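Participant: Sequence:
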Amino acid sequence: MKEIKNIVRSRAQESSSAVEKLYITMRHLFNRGFYKPMGVSGETLREALLSLRPEIYGTIAEDKVELSGLLYVIERLPIGIEECRFINLTSDEGYSKSHFQAIIPPKRRRNCYRIDDEQMNVEITRGRSDIYDILTHLTFIFIESHKIKNRVLLDENAEVSRDWQKLEQAVLSNKKLTLADKEKTISHTANILGRTFVEILDIYDAFGTIEKPDRFLHVIYWLGKLAIEEVVENNKRTITFSPILRERLGHHIHGEIWATNIKEVLKANDLLDRPIHIISANMHSVMNSIFATCVLKTKFKDKSDFFIYEELSKSGADEVRNKVEDFAKLNGMISLPDTSGTNIDVQIFDTAKIDWKKSAFPNAKMHNKNPVIIVMDYAFGEQAYETIDELLKPFQKDIFLNVESVSIMGKAGILQGGKGDIMIPSAHINEGTGDNYFFHNELTAEMLEGNDIAVFAGPMITVLGTSLQNKDLLKFFHESTWGVIGLEMEGAYYQKAIQSASKIRKSINPDVKVRYAYYASDNPLETGSTLASGGLGTTGVKPTYLITIKILEQIFNIK
Numbered sequence: 107m108k109e110i111k112n113i114v115r116s117r118a119q120e121s122s123s124a125v126e127k128l129y130i131t132m133r134h135l136f137n138r139g140f141y142k143p144m145g146v147s148g149e150t151l152r153e154a155l156l157s158l159r160p161e162i163y164g165t166i167a168e169d170k171v172e173l174s175g176l177l178y179v180i181e182r183l184p185i186g187i188e189e190c191r192f193i194n195l196t197s198d199e200g201y202s203k204s205h206f207q208a209i210i211p212p213k214r215r216r217n218c219y220r221i222d223d224e225q226m227n228v229e230i231t232r233g234r235s236d237i238y239d240i241l242t243h244l245t246f247i248f249i250e251s252h253k254i255k256n257r258v259l260l261d262e263n264a265e266v267s268r269d270w271q272k273l274e275q276a277v278l279s280n281k282k283l284t285l286a287d288k289e290k291t292i293s294h295t296a297n298i299l300g301r302t303f304v305e306i307l308d309i310y311d312a313f314g315t316i317e318k319p320d321r322f323l324h325v326i327y328w329l330g331k332l333a334i335e336e337v338v339e340n341n342k343r344t345i346t347f348s349p350i351l352r353e354r355l356g357h358h359i360h361g362e363i364w365a366t367n368i369k370e371v372l373k374a375n376d377l378l379d380r381p382i383h384i385i386s387a388n389m390h391s392v393m394n395s396i397f398a399t400c401v402l403k404t405k406f407k408d409k410s411d412f413f414i415y416e417e418l419s420k421s422g423a424d425e426v427r428n429k430v431e432d433f434a435k436l437n438g439m440i441s442l443p444d445t446s447g448t449n450i451d452v453q454i455f456d457t458a459k460i461d462w463k464k465s466a467f468p469n470a471k472m473h474n475k476n477p478v479i480i481v482m483d484y485a486f487g488e489q490a491y492e493t494i495d496e497l498l499k500p501f502q503k504d505i506f507l508n509v510e511s512v513s514i515m516g517k518a519g520i521l522q523g524g525k526g527d528i529m530i531p532s533a534h535i536n537e538g539t540g541d542n543y544f545f546h547n548e549l550t551a552e553m554l555e556g557n558d559i560a561v562f563a564g565p566m567i568t569v570l571g572t573s574l575q576n577k578d579l580l581k582f583f584h585e586s587t588w589g590v591i592g593l594e595m596e597g598a599y600y601q602k603a604i605q606s607a608s609k610i611r612k613s614i615n616p617d618v619k620v621r622y623a624y625y626a627s628d629n630p631l632e633t634g635s636t637l638a639s640g641g642l643g644t645t646g647v648k649p650t651y652l653i654t655i656k657i658l659e660q661i662f663n664i665k
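Residue numbering for the sequence shown follows our numbering, beginning at 107 and increasing consecutively.
It is worth saying that the hints were derived from the structure and are not from the lab.
Possibly wrong hints are sitting among the right ones.
[Unchecked claim] Below, a list of computed lysine to aspartate or glutamate pairs in the EDC-like style, where the Cα atoms sit at most 20 angstroms apart:
{"#": "1", "residue 1": "LYS475", "residue 2": "ASP376"}
{"#": "2", "residue 1": "LYS213", "residue 2": "ASP541"}
{"#": "3", "residue 1": "LYS609", "residue 2": "ASP483"}
{"#": "4", "residue 1": "LYS435", "residue 2": "ASP408"}
{"#": "5", "residue 1": "LYS612", "residue 2": "ASP311"}
{"#": "6", "residue 1": "LYS602", "residue 2": "ASP541"}
{"#": "7", "residue 1": "LYS577", "residue 2": "GLU168"}
{"#": "8", "residue 1": "LYS503", "residue 2": "ASP311"}
{"#": "9", "residue 1": "LYS290", "residue 2": "GLU305"}
{"#": "10", "residue 1": "LYS475", "residue 2": "ASP432"}
{"#": "11", "residue 1": "LYS665", "residue 2": "GLU548"}
{"#": "12", "residue 1": "LYS281", "residue 2": "GLU362"}
{"#": "13", "residue 1": "LYS170", "residue 2": "ASP308"}
{"#": "14", "residue 1": "LYS282", "residue 2": "ASP311"}
{"#": "15", "residue 1": "LYS142", "residue 2": "GLU153"}
{"#": "16", "residue 1": "LYS602", "residue 2": "ASP461"}
The model shown is predicted, which means the values in this text are computed figures rather than measured ones.
Just need the whole structure built from these sequences, with the hints factored in.
Facilitator: In structure tokens, the structure reads:
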């Protein structure tokens with residue numbers, strides 16, 4: 107037998123192993139019920155994250171504190187979590203009926219409740235992906251907090267550096283800092299973080315809120331303070347998973363309530379026997395694509411359709427948005443804000459009530475079918491399987507839905523090209539397992555070309571979390587025979603649900619049409635173009651509406 111020696115694993119293989127280890131470890135800790143992130147029980151998670159070195163977490167493996175990654179994470183966690191030693195992940199257990207005020211992070215739809223000075227409860231109603239997302243973010247900020255501790259704690263007797271004393275003095279004063287005091291404190295904080303004065307100045311305001319303009323200092327102080335107490339007083343931070351959450355997770359409880367609500371509204375409006383088209387998109391692009399240009403043509407005279415869509419997308423455009431929404435509700439749109447806990451709002455369009463002459467699609471050919479369009483807001487990771495799986499099931503066990511098509515659109519990371527470019531997938535590959543789903547996509551690259559936006563077609567990878575993007579692993583998937591063009595979090599789960607409903611369970615038409623299209627929010631292979639580099643602004647407006655209009659043209663039989 108030939109001797110095998112000196113096998114050196116590539117960075118891509120190490121990264122793949124780290125992702126698998128993270129996945130398994132998080133599930134193990136969840137089943138265990140609690141763990142201490144900076145203790146022995148959290149060691150495997152920390153080591154795997156440091157081995158993976160996700161692009162979004164920048165300098166996680168270096169001594170200096172990562173600023174852009176910290177901002178990305180803080181925007182997705184509840185305000186005040188940096189002060190809490192105990193973080194409790196719960197199911198929807200009735201806190202909305204209590205005196206506790208829900209805290210909703212700016213960039214993640216999840217309800218959180220500050221129980222007391224030391225404890226934050228975070229509601230998990232969107233499945234395992236929500237847990238992976240939170241645990242990786244928390245592991246990151248705890249690793250960063252110990253970097254702060256290492257730079258300010260001078261000995262075991264809790265003696266701290268002068269820089270730390272000055273930061274503490276500024277934060278505990280609880281007053282708005284003058285420009286001079288702010289810049290003095292930033293100077294001390296720069297030494298603590300191993301960053302330059304100007305680097306901190308550049309990101310400082312992004313952390314601030316109207317109530318707390320100096321929140322950056324507050325976050326750094328509390329992260330460092332709890333890390334120091336972990337070492338000096340052995341007060342370890344603890345993450346727990348409530349018994350109810352552990353009992354409910356994976357049983358589609360919220361997804362079933364959500365899907366049943368939709369079907370009951372369809373029944374109440376005599377729409378259950380109509381052809382149905384499901385679109386996963388945001389809550390404005392379908393409505394605006396159908397109605398906005400006609401409703402606002404006098405206000406935006408001689409302006410292009412895309413100019414109108416950009417105006418509607420701007421913050422502060424509530425008046426024009428409400429005008430379009432009010433018109434849509436008078437012309438066949440039913441709005442269903444979520445009450446199930448999935449955080450997925452829904453719009454139902456009854457095309458029989460649309461006056462096509464007062465729409466952007468005067469040539470729509472309904473062939474007397476008058477289909478119903480169900481638009482659902484974006485799911486999160488594995489939640490895509492739960493929601494679509496439940497929606498495609500028969501109503502009351504024997505009323506089958508006449509689903510003619512399922513269309514999925516949204517943001518994704520791109521591996522060739524840049525922000526705002528379009529991707530048309532031909533297959534979805536699951537990063538954690540290698541499971542793959544090939545399908546016939548009704549949308550093609552040719553259909554979307556010629557609009558001054560680059561369009562790419564090919565397989566896409568469904569990742570465990572946006573926070574686990576790793577350059578070496580993505581480069582392997584892109585440059586090897588996998589030929590992956592982009593990455594997102596839901597595609598494989600949507601397709602798994604569609605295939606099981608259409609091919610195995612036969613609860614919907616076996617020849618159901620599927621459409622997938624994404625626009626690029628970031629390129630994780632390019633330094634400075636990861637999600638941590640900031641949002642799309644209006645760059646995403648044109649590709650969003652190009653994709654939406656192409657989907658609607660197919661549904662409305664417009665060639």
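Participant: The structure should be examined with respect to each hint, and the outcome stated for every one.
Facilitator: Verification of the hints:
| no. | hint | verdict |
| --- | --- | --- |
| 1 | LYS475 <-> ASP376 | 14 angstroms, holds |
| 2 | LYS213 <-> ASP541 | 29 angstroms, violated |
| 3 | LYS609 <-> ASP483 | 25 angstroms, violated |
| 4 | LYS435 <-> ASP408 | 26 angstroms, violated |
| 5 | LYS612 <-> ASP311 | 54 angstroms, violated |
| 6 | LYS602 <-> ASP541 | 10 angstroms, holds |
| 7 | LYS577 <-> GLU168 | 17 angstroms, holds |
| 8 | LYS503 <-> ASP311 | 54 angstroms, violated |
| 9 | LYS290 <-> GLU305 | 15 angstroms, holds |
| 10 | LYS475 <-> ASP432 | 25 angstroms, violated |
| 11 | LYS665 <-> GLU548 | 13 angstroms, holds |
| 12 | LYS281 <-> GLU362 | 48 angstroms, violated |
| 13 | LYS170 <-> ASP308 | 16 angstroms, holds |
| 14 | LYS282 <-> ASP311 | 13 angstroms, holds |
| 15 | LYS142 <-> GLU153 | 14 angstroms, holds |
| 16 | LYS602 <-> ASP461 | 36 angstroms, violated |
When held up to the earlier numbered hints, the structure conflicts with 2, 3, 4, 5, 8, 10, 12 and 16 and fits the remainder.
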